[in-house]
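Colleague: Going down the list, the protein sequences come from chains C and F. Mind the numbering: the first sequence is residues 1 to 583 in our numbering, read in order. Mind the numbering: the second sequence is residues 1 to 910 in our numbering, read in order.
Calculated directly from the structure, the hints in this document are not laboratory data. The structure displayed is predicted, hence computed values, not measured ones. There could be a bad hint or two in this list.
These stretches of chain C come out as covered by chain F in the derived footprint (C-beta under 8 angstroms, 3 or more residues) [what the hints assert, rightly or not]:
no., region
1, 6 to 18
2, 47 to 60
3, 113 to 122
4, 164 to 171
5, 239 to 252
6, 425 to 434
Listed next, the stretches of chain C that the computed footprint assigns to chain F, with coverage defined by at least 3 CB atoms under 8 angstroms from CB atoms of chain F [to be verified]:
no., region
7, 64 to 77
8, 318 to 327
9, 467 to 477
10, 484 to 490
11, 510 to 521
Distance condition first, Cα-Cα at most 30 angstroms in a straight line; then the derived DSS-like pairs of lysine-lysine [what the hints assert, rightly or not]:
no., chain 1, residue 1, chain 2, residue 2
12, C, Lys75, F, Lys910
13, C, Lys401, F, Lys795
14, C, Lys494, F, Lys793
15, F, Lys785, C, Lys401
16, F, Lys793, C, Lys312
17, F, Lys795, C, Lys370
18, C, Lys75, C, Lys505
19, F, Lys408, F, Lys460
Note that beta-carbon positions come from the ideal geometry of N, C-alpha and C, so glycine has one too.
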Amino acid sequence: MAQKRRIGVYVCHCGGNISDYVNVEEVADAVRNDPNVVVSRTHMFTCSDAAQQEMIDEIKEKQLDGLVIASCSPKLHMFTFRGMSERANLNQYQYIHVNLREQCSWVHTNDKVGATKKGIHLLRAGIAKCELTVPLNAIRIETKPRVLVVGAGVSGMRAAISLADMGLAVFLIEREAEAGGWALQTGKMGPEAQDGTDVVAKLLTRINQHENIMLHTSAEVVSKSGSIGDFNVSVRLPGDETVSLNVGAIVVTTGFEPYTPQTDEYGWGAPGVIPLKDFRQMLAEADGPLMHNGKPVRDVAFIYCVGSRQLKSESCPEPNSYCSRYCCLATTYTATLLHDLEQKTGQPVNQYHLYRDVRTYGALEPIYEKARTGGAIFLRWDPSNPPQVTTEGDQLTVKAKDHLLGGEELEIGADLVVLATGMRPRENDTLNDILKIPESKDGFYNEIHLKLRPVETMIDGVFIAGTAQGPKTLAESVASSLAAVAKTGGLLMKGYVDLEPLIAKVDTDKCIWCGECLKACPYGAIEKVNVGEKEIAFVIESMCKGAGPCVPVCPHNAIEIEGFRDDQITAMIDASIKELETK
Amino acid sequence: MKTDKQKTDYDVMVVGAGTAGMETAASLGDMGYKVLLVEKKSSIGGKAILLSKVFPTLDCASCIITPKMAAAAHHPNIDVKVYTEVDEITRNTDGSFAVEMHQKASYVDFDACTGCGQCEEICTVTVPDEYNYDLVTRRVAHIPFPQAVPKTAVIDRRGEAPCTFTCPSNVKASGYISLVRAGRYKEAFNLHLQNAPLVGSLARACYAPCESDCTRCGKEETVHIRGIKRFFSDYYYEEHPEPEYGPVENQLKTKVAIVGSGPAGLSAAFYLARNGHQVTIFEAETQAGGMLRTAIPAYRLPNEIVDRDIKNVTALGVEIKCNTRVKSAASLKKEGFDAVFVATGASDERNMGIEGEDLEGVMGCMKFLRETKIGDAPDIKGKTVVVVGGGNSAMDPARSAIRMGAKKVIIMYRRTRDEMPAHSWEIEGAIDEGVELMELANPKQFVGKDGKLEGVEFLKMKLGEPDDSGRRRPEVIEGSESTLPVDLVVLAIGLKPSTTDFVDEIESEWGLLKSNEKTLQTKKDPSIFAGGDCVTNPTMIVNAIAQGRRAAFYMDLHLKGESLDAPFDTDFLLEKTNKDAVLEEAKDFKPRSPVLQPMMPLDERKKTFDCYESVMTEEEARQEAHRCMNCGECSQCMECVNVCPAFCIDFKMTERPRSLIVGAVVLSTGYEVLDPAAKELLGYGRIPDVIDGLQMDRLLAPTRPYNSVLRPSDGKEPESIAIVLCNGSRDHTVCNPLCCRIGCMYSVKHAQLVMGALPLADVTIYYIDIRAFGKGYDEFYEQSKGMGVEFVKGKASRIRQLENGNMELQYEDMEGEGGLGKREHDLVVLTVGFLPNTEAFGLFKPGELEADEHQYVREIDPISEPGRTNIDGLFAAGAIIGVRDIPDTVLHAGAAATQAATYLKQTRGK
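Bound conformation, chain F alone (with noise of 0.2 angstroms):
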């Protein structure tokens, strides 16, 4: 062997293991050569081992090709990487080549799967099965079919659903839904704890980002996510009143002390106990939940289920003491605690600086709601209120005031109705119950005698440029006063921080605390962390919910002594699935429309502060969960990964690219198939009953989808089949002149194979020319003819469905009584023609690979050097080169490991 030669990996790298691959791999193993070979796909063995029978011994597919499959697999010298793509090859000058490649993420680690299939077994997602050509349906957690080497499970996920991309504290939405159209509604449960413990309450008060992202919307409206929410968490907690797990088993002794007893530090105290440190939180208010008990209204969500929500988190030995206000985060240190979180929220009512703010009956929002919450408000029956303010904050004391008998109650905004950041359905919400809008005014002062308000006199606004956030600024229109009588203000025109305790302490910008964006540490002590509305300023629940876990995972290192580097688990969300690709697939599903939350009467939802949301059936639930287009492919509802017995599911799995040497490359990735549906006429796609070649050998496969030769619309056993060949073939209208070359003889055995399975059904072929050239062929045809076997020859020209069902096959009738020909038949087989699979060209420099005029790969010298391409050292095994039978792909398979061994002798000396 020279010297001056690059080490190689490999001798040899083969690409694709179907049959030419594993084939050449075996030739070139048994011959001595260190043998890479590369799939694609998670187990080897290409479309030929999905087939029934071989033509024309019949053997079955399984005993042709397992024993390849196993040779390759178990040969000493040869490697096998399974759902492995290869990116880049370049030749080096050596004549070895540098190859660069990367093995998918498959989510399952292939050396500890056992192949069990309970993942399978579990799996809440179905999808088309391209394995049985879509037939039947598959689960996402598969395990590709019954033969797989390796036999190792695979997930698919094409991108983080939209939901759970959206959702702050991405919250599986995807994988509750999943997991109520299973019935299975407790999994769906645990599974919302695993990132927001706080299910009840958001099942009433989320705003639902999701729901705006959701992919549905494209199509009719959004999956109800929340009401699916609902519906499960009001399932679960009537189930169990009380959580069913306590304290971890692994306490630890550290302490950790939390301030305020919102979202935000009741979700860290949640994820922080179930890692086993003990919590404390404290709580200046007498009882815990912070704006969920105070600021939410009843008839959104009631105290009970803020209880119950609580209890999630108590129930892991959280202690919650209220009544405590605390004023320093370093005293608490030093009464013990190893760490704090501060998460006092923002609930600090900002007022508006003009005259009358103080006179009794101006009050602010929370004060409002929180007094209206415990039944402290002042009796407004039969009075006028006025809410000053445009967002959501503004809408529930009007719609509360609403409920308490106000006579009137008005909101003031100084915008218009389209400028509110309000939910436009909060604002229906509120016209709907009777509360009116006043736009385009604004309080100048409030007026009052003896201390107590009288009324409220305003200007005029107009709109004008618009200011940083798009809204159109409001202006005053000067001498616009006038004076409206009222008997209470409300003023809803925004929050602030509560933190004058810790602006000193911690350090603060404009009120907020400031802490480490990503880890929620403070700079001055690092065993002090804030998080939650604080920081961040009035968000949504679900915001707050996520500060929280963040602040429990990092602050969990920190007790630990580990590096705060680590990624947090949104570190590994994929990117956001394309939700137009999903609306493309999606494009025949018949609309379906939405199953709404039922709502109480609009009469009485005036009158009570009770939920006016009703929750969904069972039923209900489980058909709006059916709405869901598994944007993301798995769903991740995490049973996989609950039942796997080997642990070995890892959703963090990424990409693993490898870069290696090679002594030579052969490529042997095989062919496409051509979509028969490019033949509009023939009505593949439109019509259930006509099928492709490759199904009907799925049908005929002893691992039959069906375990029957049925037809796909109705079930029922086939009695006249027509069998027609050429569909895509030696047709210049889908730009494919070349002859399949294996269509006559898989369909003449599909004939025999299906007058064995139905004796009394009549198989009809269809052709131009029987092409049975090989060995034993032409014998196998006659035989069929022998059988009963009619053959006609004629092209058809149109498959039409007739009333009851079956399909009437217009043919042109070349013999015979000429002309057209029209039959009755009640399934239609169409023998597809085949595409070159181009992906190889791209692994290469542009025009760097030779493709002949059909845009396969070019030998180039087909009579004396089969297997060889236009780059030295680059060999070409199989249907890559045109298709062909598994004969002659065996035999060229054969050819190419010849070439590539004779090339390494003469570059390697070996």
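So that you can see chain C by itself, here it is in the shape it has in the complex (with noise of 0.2 angstroms):
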């Protein structure tokens, strides 16, 4: 039995949360008496400020050296009060997280009674666990002041320059063979009626005359190794040069892959019926009136939410049901280009928008706005009824219901038909491979949380920003590029950084090494070492994640994760069940 503990207990309302659905009270009476317990009690908000100043007022009084908050998801507040135990001089791993919102409060919304008896065994665990908690430091690692940036999008790009600008060493890498990206095709943007030609030429000058970034194009990762602030990547260039970086940091910057339309879908296949991009093109290069099939065009149907917003259906079992984001924007601006060359030639030229929501949010609108003053038709489309796009020789015809006009039937004649076609996430089978950066439902890469760290993933020191994270103009895509920027920055300049100590510890005498443990690493954490005659398993330590598969495949018990000890673990189940038993 483990020694004599002085533990603090300290149940959240969570504003009504928890206390809606939990009697945090009842929670906090029942352990008040607990041997190990000094104080148990209740606060509104535990993570507020001023709850934080009491808490730590009290453990420095009442000298308490385990600490137990019964709150929110650990995801959320465990390093609030980590730091918190931290300047109430108590060492950040003697506290435990017990969840009682995600996993009680909010899953037992109906039964306030189960759900406080229920809360009490989990927080007596918790206590167990604490009781049986050890001092531990951090690990604290060198990192490298050099980062690695994936994907020469104008994202990447300019996330290459800041982090540059900063003094960090830059290697910027393209699967092209052209540093750029999809700015290349775009053509003049909106609002900024910028080209994007013309940005990533600047942005490539900056980058060519900057003495912290190396530019290689043509490159892939063929490999990483190592862990945060000190990675080992593999890069393979033209020629099937491979060059090893190390680096304290990933960037990726990979972007997007715009959707192609099925056969069909949308009269895609047809002459005429062309995707946005295509259409910025011709409008770029046009230096009279717009021509089709040596004919001036003169009805243009534009279709909006091509491969976006979709709903599943038996042709689409796996629909894009998120929306794109870009496509409102740029196709209403396209709008307003065709005016200002309907203006430049006299060739007048009928638009019409067939649209589901037009989405030019915030400062967007008066796009929209001068798109509907210049004369552009908007038709309102419902998912249950497409627009239909029918060919005949040349002619393309429209067909779709205009809910204006009591769901009249149009029939629109055009010359061209223009599909918004939405983003869709980088195939990049390789790439997922090696990083393993989770990705979101929608496919694209996976932010650990999308307002409290947006730019961070699972895999710490690896960034995600851009368009890989999900689908965002240009000027949005460049803001989380330097966001993340900011976030590799923090990372990198302190030249350090502290590890979780969580993770797996070898018991030198039971180890044989038999490799299962290596065996069942995801990380490649675990290494075979002599000891004297010995063979055993040694862990990596900044490269283990404390995730565990090595303890169950132990067949000696010779490794366990601290933090997660066969002790604590034994101890917890026997709490949790100790009213279950005494009743």
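Take the two lone chains and join them into the complex the hints point to.
Modeller: Put into structure tokens, the structure is as follows:
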């Protein structure tokens, strides 16, 4: 049995999120007289600054050597309270987080008595675990002041410049032969009215002049090892040359893939049915009236939401259910460019915009307004009744229902049907296998938290930005890439990083090196070493994530995860069923 | 690092600690830069911390924003300055910035405040709670919201309430009114003692300049402040025939003599004794009280009240020696007094200098009033009395004479009623009681026989050109003499200082003693002070009290050997509140009739010296107190000061200016919310159950005001809720063509949360386009459709209230049937537009910081240089360049942090 401890227990109301469904006072009361509990009380918001200060004062005053807070998910506030523990001079690993919200109150909203009982069990388990905690110190790793940026579109290029400006050495690699990405094909972009090629050219000049940036095109990542602060990445350069780069962080700006419609989807495949980007190219290249098939273009139909906001159906079993965000802007902006061309050439062009919702959000709204007032006709369609595109000879016909006219069926004859195609996550299996960045439901890279840690990934030291994380406009992509730079700078400018000590630990006496743990570890954190005569497993601290697959496979119980030791788990089980037994 | 650079106090200053500011600061702090994060409110957290949950994940806003608040507040590289406003930013040639800023007076010492909330609990004034978007009220002493960082209280004061400001002794009228409103009468009395000890006398006989300056005069009529005082002083004296205190514990050895026991002398004695000095008052009369006792008629101020008021002073150990006329201040010093306060008043009668003034039957008003009060006056029953004069001191003898049974009482005045210096209500009272006015008449001589008065020969007068006082000068009409037979003439033509014994000893002029205006110290002998009517000429009781209090303060300093340069508490008064602003805010307040003090019927009043004003009931007094408009916000009832366990409340706190140099600046001052009342036809502000989106968020927040989703008018759970999008967005009629960018999403969130909170309620969203464009947003929108939220494509055109209290929403049906649609709802939520916060432009020279065409701060190159403004080294983060949701704000803030960091590298090499 553990030695006598002095544990403080705090139960959070979470402003009603917990206390509406769990009697938090009863939970706190239940453990108040437990042998190792010195204080047990509740707070409205344990995370609030004032509550933290009170807890800090109490930890110091009552000389607590263990802390249990029963509140929300540890994903939200474990680090908050660890930080608080440190400020109270309590080792942060002697703090135990009990999840009373996601794992109790929110899932038992209809049973306050039951939820309260469960809350007590969870709390008891937390206390039992806390009783067996030992002070631990973070593992400090020296970070390398170098960054790898994967993908030299505008986001990646711009990120590279700022990283280099901060004094970090940057390796910028691009799979294509040329840096610049999709911006090279957009022509003039709204609302800033900048030409993508100009943007790219300016960035490229800065990159080429920057002594801290090394740009490699036609280059691909082939392997990665190491961990946060100290990665080793192999990059294949043209001519099958491979270089090994030692970097402290990786910023992934691999961008998107444009949606390619399926055959016959809105007439796809028929001559005159083109994606928006091709139409933009036509506009950019037109030095007189806009021509198609040798005839001046009179009628253009734009169909929005192609490949976006899809509903699941037989023909579309894996829909892109998300909004691609940029297309309403791009298409309405195209309308204004077309108006400009009309003005310039005197060529009248009728525009029909078949949309679902025009999402020219925020300051983009005036573009939509300009498109409308310029004469573009906007017709709304419903996904239950999408526009039909048919061909007869050269003539394209778009059939759609106009809701404003009470659902009357319209037939629009068009010389061109322009499809505003959405963004898709880039197919990038090799890179994904190497970097192991988790994906969201929509297939784009997943950030840890959209609001709290939007450019960080579950892989420490690997950041994401731009459309690799989800659809964005160019300006938004660059903002996110500079946000990733800020986080990268925060990581590397200090020169070191502290890693979690809650990792695997080998009992050198018990270990006989059977190699099972090595096979189980997904991170390559196990090595075989010789201790005298004996071969045993060795844990590479910087690479171990404390995930624990090595533990159950060990035939000799020779490996454990600190913070989740067998004795702790057993004690937690015992404690949580204690009340069930005594009843 | 280059050496020619100015030394900076901080690497970066971030202005505005909302989501963007906190994120920027934390990012820069993580990179190792020293950051100053400035916030004008008393807590960081911005608007997001007030939200319920956030889309599309439905995380609690607290769960998202509190970690950011904590990260900023506890970051070793970040200093947070709340309640601080930046005034000016100037870019230096070396690329750094000179910043002028000031921390506003919070009246709470942030370092000492523990956030216990006791001040808030006891505070007596409520104002609309801006943190709940005015759905409920909060106290003036307040912690903004439960998750505030730092969790400290602030006290709102927008100025000095006119009543308090105007009062010569700055009695906290607004304070005791708010205490009466709260039913704390003893506290009201004790508060009064802080500025004037003679509460009962003032409650009856003060001319109440506070009432003339009351803001409520701008609506119906003044708050009857004196009536309220009368209530609580009577209430208190009834409960406490004796003071609850004795001499103070810490008695000093210093001895002070006070000459004169009028209001000035008593007041000085009270405050000196409270500071532990040994005080003796010398009074020539047989009883203490000065003019309170001898000059104010009993129907206004009975002697028992004066006696009880004096007990407030004597209970502190003050000794009053009556029948002791002091002829020299110096002699008192020889007797062992360390300091002397001369407060002999101004009760010496002036005479007219005409014949017959020495006749029996001609007397001064002071003598008449004094004899009347002690029952020694001549019998005038059935006789004719003429009172000469037009001031208040003429009204008192005239009205007394009526009560003594005079057949006829005439006030003879040389000008007309309009020029009379007496208060209009006094003149009215006198006339009501039967006093006659004889205007434009002035005695030429008093005629009599055997030394006894028989009549007054008077001259008719006419009004000439205005004199210095602005009143028209009376001129004699030659040859207009006539004679009026009278039995008694009372001369009320003015008083002069009672200073004959001191004019040589103390510097004087025209009989008035001279003392320093601020300290009341006399020149010849620094231990002799003089104040009250003998220095100022006759004024109001409360003026004399103010003088006594002032004298006590400086005498205390003098006796303790401290400098008299110290400011008196009046030096800490704020400016008087702008009454027009208060009235403007209260323009929709319903009129409230004043509660008047009941008066004795006229017939009875004329027969008795009993008080004709009776006291309000408790209920009446509290009702009247509710008419107070809390002009100063904080009423200074001092309850918070009394209760604060950390002694951290200080009303003498002033603004603290600060100048510093920073290496770069990031502006993140956010946005403003458009007032939906601008869309008049939608009824916001008129119809109580038409609320805006921010209010809806509060109704759904964990710290929500009603602890449930209820409609504000009657607390009913709504059953049919309309959420109307795009009010004041995409709308040229309010000059806001922009889309608000977040309204669709937060409204879809509202719909989902309402369906969770009120499972039986129907929710309809009226929209033009649903702009669900971010990661997971469209899925969130689809999910809400799946939950049963009804989406109607249509623009609301008019909302009117039906007789059953519900609203009829008229809308343009863009799909479905088309045409105009009408639906009934019992709660309407208007999703409001946003406006730029243009404050930032004022920090620079005009035109220096560029705006875009919609008055947001302009980003010079949004594609390649997000966060950069036209001023090198000045960056903008978040909604200041255009309103955006939290994820976009966080990303943009990160970009601004990067920009600032690279700028610092470039300019300062760090």
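Colleague: Give me the numbers of the hints this structure contradicts, sorted from smallest to largest.
Modeller: Result: hints 3, 5, 6, 11, 12, 14 break, sorted rising.
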